[in-house]
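> Sequence:
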Amino acid sequence: MSAAAKRIIPLLDRVLIQRVKAETKTATGILLPEKAVEKLNEGVVVAVGLGNVTKDGTTIPTGLSEGDRVLLPSYGGSPIKLDAVKDKEYLLFRAEEILAKLQ
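According to the working numbering, the residues represented by the sequence shown are 226 to 328, in order.
There may be inaccurate statements among the hints.
Here are the simulated DSS-like cross-link-like pairs (lysine-lysine), alpha carbons at most 30 Å apart as the crow flies [to be verified]:
(1) LYS260 x LYS246
(2) LYS250 x LYS280
(3) LYS280 x LYS264
(4) LYS250 x LYS326
(5) LYS326 x LYS246
Now the in silico label distances, taken between C-beta atoms and shown as ranges [said to hold, decoys possible]:
(6) THR279 x VAL245: 55 to 65 Å
(7) LYS306 x ALA252: 15 to 25 Å
(8) GLY254 x ASN277: 26 to 36 Å
Because the hints were derived from the structure by calculation, they are not lab data.
The C-beta atom is built at its ideal place from N, Cα and C for all residues, glycine as well.
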């Protein structure tokens, strides 16, 4: 994770996720072209907001923490462009949009 990504602190129930890149080489060593490689619906949690705030002012924390591997929906999330890091893709999701936590 880059220092530029560490400076982003999500608000409320938002979660900053770095998308996992698919392998560009098969098990037998054949290199795949970029167009043949699909985007994975998997990511690693980089930063987590404090959680939702209820009407009476209590905070409900999210069920995620930094370093968790999560399953992402096919569409959605706000892409975050960082000038310092060009090869990594960061997305900002609401915690309720994340499909599952992977173990």
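> With reference to the structure, classify each hint as holding or not holding.
Results for each hint:
no.	hint	verdict
1	LYS260 x LYS246	holds (13 Å)
2	LYS250 x LYS280	violated (51 Å)
3	LYS280 x LYS264	violated (39 Å)
4	LYS250 x LYS326	holds (26 Å)
5	LYS326 x LYS246	holds (18 Å)
6	THR279 x VAL245: 55 to 65 Å	violated (33 Å)
7	LYS306 x ALA252: 15 to 25 Å	violated (33 Å)
8	GLY254 x ASN277: 26 to 36 Å	violated (48 Å)
Hint compliance for this structure: hints 2, 3, 6, 7, 8 are broken, all remaining hints hold.
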